[in-house]
Amino acid sequence: MVAPIYIPVVALGVSFLLPLFDRFGKKTVNGLFLLTLTFFAAAALRWLSYFSVANSPVIHVFTAGFAPPLSINLQVGLEEALLLAAVNVLALAGAVYLLDHLNAAGTKARVLFLLFTLGMNGLVMTRDIFNLFVFLEITSIAAYALIGLDLKLHSLAAGFKYMIAGSLASIFLLFGIILLYQASGTLNIDGMIAANLSAGNNPLIQGAIFMLFLSFFIEMKQFPANGWALDVYQAAHPGVAAMISAGSSGAIFFALYKIFPLAGDSWYLTAAISGSATFVASNWMALRQKQATRLLGYSSVGQMGLLLAVLGFSFYYRQPHTAYGYILAALFFNHFFAKAGLYWIAGIIKKDKTASWAVLLQNPLLLFFFGLFVLALIGFPPFAGFWGKWALMMNLGGERAWYAISFLLLGSLLEAVYYLRWLGQAVRGEPEKEPLPATDVPQLTVTGLFALISLAVGIWLGGSLLPKDFWTYAFPVILAAVVFLFDGFSVYLRVSASLVVMTFLGYYLYPTAQGISFYFAFIFILGGMLMLMASLYKKERSAGFYPLLILMFSSLAVLTVADTLLGFFMSWELMTVSSYLLILRGRKSREPALLYVLFSLGGALAMLAGFAVLQAVRPGAEYWAELAHAGDYAVIIYFLISLAFLVKVAALGWHIWAPDAYAEAEDDLTAMLSAILSKAGIWGLLLLAVFMGAPLWHSLSLSTVLGWLGTLTAFFATLYAIFQEDAKRLLAWSSIGQVGYIVMGVAMMSHLGWLAALWHTLNHFLFKGLLFLAIAGVIHRTGTRNMYEMGGLIKRMPFTFFSVLIGIIALSGVPPLTGFGGKWLLYEALIEKGWYLQAGVAFFASTIAFLYCYRLIHAIFLGIPKPDQLQVREAPFRILFPQYILIAFIFVFSLKPAWLLKPLSAMVAPYFTPTLGWQGDTAVSSLGYWNGTVMMILVVFIFALVLLNLLWMSRGSKKVKPFNIVYAAEKPDRPQTTHYAWHFFAPYQRAMRPLLKPLVRHFWQGVGEWTATGGSVLRRIYNGNGQSYAMLILLFAIILFALTAGA
Amino acid sequence: MVRRAFSLLLILALAGIFFSILKGWTPMTELSGVARDYVANEKEQLGAMNLVTAIVVTYRGLDTLGEVTVLFLAASGVAVLLRRKRDEAAATVKIKRAASEIVTTGASLLSPFIVMFGAYIFLNGHLSPGGGFQGGAVIASAVLLLFLAHPDYKLKHAVLNIIESFSGFAYVLVGLLGLFLAGGFLDNRFLPLGHFGSLLSAGAIPVIYVLIGLKVGTELATILENMKGRAL
Amino acid sequence: MILGVALVLIGFWGLISRKNMIKMILGLAIAETGLQLIMVTIGYIDGRTAPILDGAVNTLLAVRQVVDPVPQALVLTAIVIGVAVNALMLTFVIRLYQKKQSLNISDYKDLKW
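Chains as they are written, first to last, in this note's numbering: chain D, -17 to 1029; chain A, 543 to 774; chain X, 589 to 701.
Check the hints yourself; a few may be wrong.
Said to hold, decoys possible - PhoX-like mimics (lysine-lysine), calculated; alpha carbons at most 25 angstroms apart, straight line:
#, chain 1, residue 1, chain 2, residue 2
1, D, LYS520, X, LYS687
2, X, LYS697, D, LYS332
3, D, LYS134, D, LYS8
Just so you know, these hints were derived from the structure itself, not from any lab.
So that you can see chain D by itself, here it is in the shape it has in the complex (with noise of 0.2 angstroms):
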């Protein structure tokens, strides 16, 4: 192991003679930089692997052979070495990433970026505060020259403008330094802090105190005294700005983080107060900003104040060097990866305005790269910053810390907006014509050396936190990464194997799921293999689709079985990231998809938020089940994670995402959002009332709220459906509308309600799975969704058509197929809770219902066929054979209603006592009775009189042909308006005009805009000019005074 002295020993002794190998040639010169560069990174990843064994002794340096306070000394302990790893492994791949750059200005240039890494080493090490003065100047130096080095003048401004912020916060940090030296007698940071200085509460320490770390927060970039740094990262050359955001900063985060203990008392939370502003301000301000650079410098900003805030409150709630160093870490990594990550691919890529990133597409793998990068800092799993992310809540929820935790969560929902906004753009932005720049094979490997750190950190950290089922919850990721190796092949071969590593899930899950856990494991796992099935309908497949299938169907299944809240919440962000970049794939999917994983993110946040209350009641909480002793929290709890659900099955209020989202997925996926995935908000309800009931506000039940809310969904979704002119925008609102009866059915908390509930769930499935999929066909095979441009395709489909015409009875819930069941469970409920109002609006909406199933087979399959569509062919066997699976499926449950009805209310018996008995097959209530046989065989006797009574009375009648109707030779300029079908029901939209103002997506809209607004109006306090953003550290040396002297 190398002593830590070596490092300015080498560091110096090799920067001083560079310079005079130049005559040796250039790569002499970069030969030796990076050999040295590789020592640095070779010694610190030595301390680490030494100081990954417990208990190893802290390595201390004495230098001039004296011991401190007489000399300076150095320490390198486990924090210090993870910094140093971390700091050096990115010094070489910077240097590797930066070496042309640097090539470009000569010997002295790669001098520069050395004593910049020996800075950095010193900041870490040093346990003087004055030396750590000196490696803070050190590193600023070589910062400022490297920031200069391209000679632009958008460079050299932002340099200027880092140099007096720089140059005040010294003279600044020299002030207190010296103050306290006279305080103390010691310029030891153990000794300083061993003086316990700031416990005097003298003006003179306090003030000292006040400069010292009034410097460091400048120099940590806080809000509003951080002007130059967002001029620095937009100008500086990426690889420079990677140096900057992810190196010094980290490192000077760290100095801060040593020297914190000399703080006092008001200082914590002051930490926490200017951190958290700087978190959401810098990602308010963000929210505007279309340069890519700069969108970065702020969300780096964002990172270091949420790290101020961090250090804050471990400090602020006395737990330094517990659960804190944790977060503190995970935070860190997370940022100090994907930013520098980030920053290269934007050097690779050269292009300032995120809107024309779309130029990755041309790279696929730098786009890989660019999005895990990306939601690495939005924190999903399984990434540091997850970890870090709920580790942090969970703490702050333990000491009732509603503030920050609102606060931080607002932050980082705003960071991802306008991360997956930007993620959007890539994927799916308008196609750049200009050719990717010629990509250099150094520093690809690089960028995608820190992807992998990044997710090796991730998963790292993550397996220390889920001790429990670890596996369990890996799952989902590790069956996707086996289907990705897959990817290259046929779609048959990734289809099957897709298929059989969901088998293998479902085979391990099947001991673990039991009762209503696995109803939904079974629906989810069986539903998925059907859809994947039904998937192979085209031919190709972009890469990452089926991985990205398995990610979602396996993380769903997980819930199932997930008993700890944060193996819960880890599969649902899991199955959140995969849903949201399937629908992604989608050809017009930008906005649509954005608003989808917006709205769940913003749920899923106040999921956590809620867990994090729970916190609060029971310290340390782990399972679902102590939700049941939330006890004065309840309500709150319930509230916060019902909202997670309740975007999922795009209730009224959250539903704005779903039917763009429904519409522009492809179409199979659609099917598969419609009919599985909505069914995770169920899940998630049904979990919320088995351990938290229906928590009382007042005297109000929340499970009342909750009907109402289904109720009105139904309602509402069913009245938009019928206005639809897009086949698939139809079928959204309708699954809308249909998942609202299902809330309805939990929110009745009775043994019939949820019969009605998990009966409905499975029919929907069904119905609602075949229907998507056979509109799937016939768009595959017609090109368009508007059902005006179709006609006449019951000859040409009547496989498709039969399908639909099933998917419509079972949907409309007339007899005799499983709808009516669903229905009569439903309504029966109803009245049996005597919620009759809600039994009005139910059986009204399932009238309108008839409206728009009407409208799938008139407007599709009956009438003339459109001329163009004349030699369309039935849709393909592949997508066919699922159909008909789910077909029988529906008729097997409406024959035989008991072999389903009968598990299922054992499954609800242990929750609510059965109200519904049985008098052999035949279903009894208090109210009527059911039997599916019966039934069955009435319909179809009635059907097929009827039918034949038709057919005998139109005997006579003459068919019509296309050229029967002629336009008399004017060609219209809107052709839709000749059709039939368009407009069907307009008098009904004329009469319920006031009820359709889309009240809810004007708020949502208004939210939007004026968030947006309000952060632009807000960065203009950053006018550019040197001498304001002067003026702006003086004025947070103010408020900052006022803040701790006030405390």
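Dock chains A and X against the given chain D, drawing on the hints supplied.
For chains A and X alone, coordinates are given in the frame of chain D:
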């Protein structure tokens, strides 16, 4: 105007802050803490007459090495930033008026003495006020004088660079010798402490100060030259 | 001490009220000088001599006779660092001037928001 007033307010508020912090300040009356140890024990430990030098070169030697590094960094930064890019025309600094006879003669006459004085300062740094930085700065001032007198004066780059690099490298090596032969990096006691108060005393302190003097002198000279070459 | 603080404030005033970048740098330099003055003042003890153990100081009583050497050592470092930063800042100004032929700070606000 608003801006002016706001600036004034800021400064006044800062003045208020400084006042409220420093109003309780009292000058030191006794040495305390680490300073006391230095004053009491330095003579036995390091044997340098000038306590400040002992602190600068040995006790807080790492700071000083860092300080040299900062200067080196600045010199490198200036050199890199003022490098001639390929598309830039060669320096065409117009000299408005040649320096007068008196100035040129005076400069030529004085500069060797100034350099000598600088060398004296860093050689005696451990004995009397002075040291490597001061000496180096004095040497650089001779170079500045020459530039003023002879605007087209060229320094010998190769020699300067070699002196600069080797003095820096040798500084690090001397530090390492301290690590190998004495107590730690930059320990001056691997050379005999000698007779207190004589030129060759205090172990490696004079050696280090000579190296620092050379390094600082050459670095400042290069900065000056770089800036001259880029005169506006 | 008062002089030092006054210099710091004057320097800050220069920094935020002068549009000329060179004057801004001078403002910072003045503030730095003020700070250096403060540092030396803090180490000064009335009626004592320089921390050089020559004839004027009785070696055994040195502790009672000399001023604090530590701030003097620190101020040396601070001065050198200040010089280095100022040199680099001036270099930036030279380069900026070559780009836009202006020394006015408010001409360099292309980057904002």
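Against the structure, the hints:
1. LYS520(D) with LYS687(X): Violated. LYS520(D) to LYS687(X) sits at ~58 angstroms, over the 25 angstroms cutoff.
2. LYS697(X) with LYS332(D): Cα-Cα ~22 angstroms, so holds.
3. LYS134(D) with LYS8(D): With a Cα-Cα distance of about 24 angstroms, the restraint between LYS134(D) and LYS8(D) holds, given a limit of 25 angstroms.
Checked against the numbered hints above, the structure violates only hint 1.
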